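Chemist: Here is what each chain is made of, one letter per residue.
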Amino acid sequence: MSLITPDGGLLFWMLIIFGIVFFVLAKWGFPIITSSVENRSSRIADSLRKADEVDAREAAISSEYGKMLSEAKAEQARILKEASRTRDEIIARAKQEAADETAKMIEHARVQIEAERVSAAADLRREVALLSVEVAEKVLRGRLASESEQKTLIDKLVDEAAKAPKADS
Amino acid sequence: MKVLMSILLSLLLAFQPEGLSASGEQPGSGHLRNFFAEASGVAVAEQTADTPDISAIIFGHVGDSYEWHITRIGSRDIAIFLPVIVRTHDGLWHCFSSRHLLHPAGEHAAALSDTGALQETPEYEGLHIASEGEPHAGKIVEQDGRRPLDISITKNVLSLIMSSLLLVVLVLLCARWYRRHDSLREAPKGLAALLEPLFVMVHDMAKDNIGEDWRRYSPFLLTAFLFILLNNFMGILPIFPGGANLTGNIACTLVLALFTFFTVNLTGTKHYYEEMLNPDVPGVLKPLMAVIEVFSALVKPISLTIRLFANMLAGHIQILCMVSIIFIMAKYGGVLLGGMSALTVLFGIFLDVLEMLISFIQAYIFTMLSSIYIGLARVKH
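From first to last, the protein sequence lines are chains A and B.
Take the first sequence: its letter number 151 is residue 151 in the numbering used here, and every next letter is one higher.
Remember, the numbering used here sits 1000 above the position in the second sequence when you count from 1.
Bear in mind the hints are in silico, worked out from the structure with no lab data behind them.
Keep in mind that this is a model prediction, so the values were computed, not measured.
Just so you know, not all the hints are guaranteed correct.
Said to hold, decoys possible - Just so you have them, the derived chain B footprint on chain A, three or more residues with Cβ under 8 Å:
#1 7 to 16
#2 22 to 32
#3 37 to 46
Where is the CB? At the ideal position from N, CA and C, for every residue including glycine.
Working from the sequences, and respecting the hints, build out all of it.
Modeler: Structural data, given as C-alpha cells:
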C-alpha cells in the first residue's frame, strides 16, 4: 500500500462523514456555543468596564463627601462662634439694661429722698419758726414788762419800719 | 518552537538508523532498505528468515487494512473483520465480511510476520487482496488484477466513524450545557469547561485572522480543529478504539484541505480575485504574476495536506520504530536486549509525549493557516 496516494474509498467516506459532522456541528453545536462564549466574554469585558466606572464614581463621591464634611465642619464652627458672640452680646446687653435700670431706680430713689428731705426740712423750719415765735413772745413779754422798755421798742420798730419802705423802694 | 522541534525530530531520525544498523549488520540495513523502498512505493521482498519484518509491521500499523487487528493472545489473533463494499467492473456490488478475504485467525499474523509477502490470500466472489509485489498491493483486486470501485469500511473508515460520533456527541453535549445554563451567570462545568478554552482559542484565531465576519467561518474552523485534534489523539492511543493512523493518511488530510480550499475560494471577495487575476504590477509582469498567484492558491491545500499527513505519519513511524527495536534486539541476547529495551522505553515515552504536543500543534497550525487563508480571501478595500 503506498502511503502517498490517497485511497478512493477513504476519500469517499471522509468526504461524507466529515461533511456530515461539519453540517451537524455547524447547525446544532457551534452557533450556541459561540454565541454563549462570546456573550460571556463581552459581558465580562462590560462588567470590568462598569466596575472601573463605579470605582471612579465612588472615588468622586467620596471626595465630594469629604469636601461636604469639611464644609459642614467649617459651618458648624462658624455657627458656634456666632452663637457664642450673640450670647455674649445678649448678656452684655442684659447687663447694660440692668445697670441702666438700677441707675434709674437709684436716681428715682434719690429724688424721692431729696423731696422727703426737703419736705422734712420745711416741716422742721416751720416747727422752728413757731417755736421761735413762741420763744420770742415769751422773751418779749418778759422784756416789755416796764414802760420804758415798751417805748424804746416801739421807737425802734418805727425806725425800722421807716427804713424798710426806703429799702424796698 | 517549531525550529526547536524540527531539530529534535531530525536528531531522532538521525539516531534511529544508527541504532538499528549498529545492532545488527544484516537485518538493520535490510530493514532500512525496505523502509525507504516502501516509502517510495517500491515493494522489496528481501527478508532474512529469523528477523521479524519490521517494515511490514510498521507499514501494517500506519497503513489502512480491511480488518482491525487488535492483538494476539497466544496464537489467536483478536481482530475485528470489517465490511467490504466493492463494485466490480461488471457492474455488480459486492458486500461481505473481510473475514473471507483474510487468513483464518492465527495464520494471518504468521503470514504477515514470517513470509507474509509471498503468501497467497484467499479469494471470495472473484476478489482477493493483492499481495506484495503486485500493483495495488494490500488492496482488494479482481481476478485480472484490476481495482474495483472500493468503498469498504476499512480500519481508517471505522476509526473515522467512531471518532466522528465521539466528536459530535462531545460537542452536542457541550452545546446542551450552554443551552440549559445561563452562560452569563454560570461558569462552565465538566465537559463545557474542558472544551471552552479550545473554543475560545479558535474564536480568537478567527477574530485575529479573518476580522469582522469571523462568525461565519468559526463553525468550520472549530470542526476542523477539534476533528484533527481528536483524531490525532486517537491515533496515539495504542489499542482499540485508538491506533488507527487516520490523520496520518493522505486521503483524510486531503479532504480537510479541500474543505479549506473551497471555503477560501468560494467565499473570496471580488477584491481577492482581482488581486489574484489582475495583480497590481507593471503590464508585462501581469500574466506571470497571475499564474504565480493562481498556482499559490492551488498549492495552499496541498501544503496543508502534506504538512498534517507527514507530521502525523512520521510521528507514528518513530514510535513504532522505537518499539520495534525491542523485537530486533530479541536475538542478540539478554544484555543487549535489556539495555536497548530500557533505552527504547525511555525514548518511547519521550516520543509519545512529543507526539501529544505535535498532535495539538498540528491541529493548531492547520486551523491557523486555514483562518489565515480565509482572512486573505476576505480582503476589502
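Chemist: None of the hints should be skipped; say for each whether it holds.
Modeler: Right, here's what the structure says about each hint:
no.: 1; hint: 7 to 16; in the structure: holds (count 9)
no.: 2; hint: 22 to 32; in the structure: holds (count 9)
no.: 3; hint: 37 to 46; in the structure: holds (count 6)
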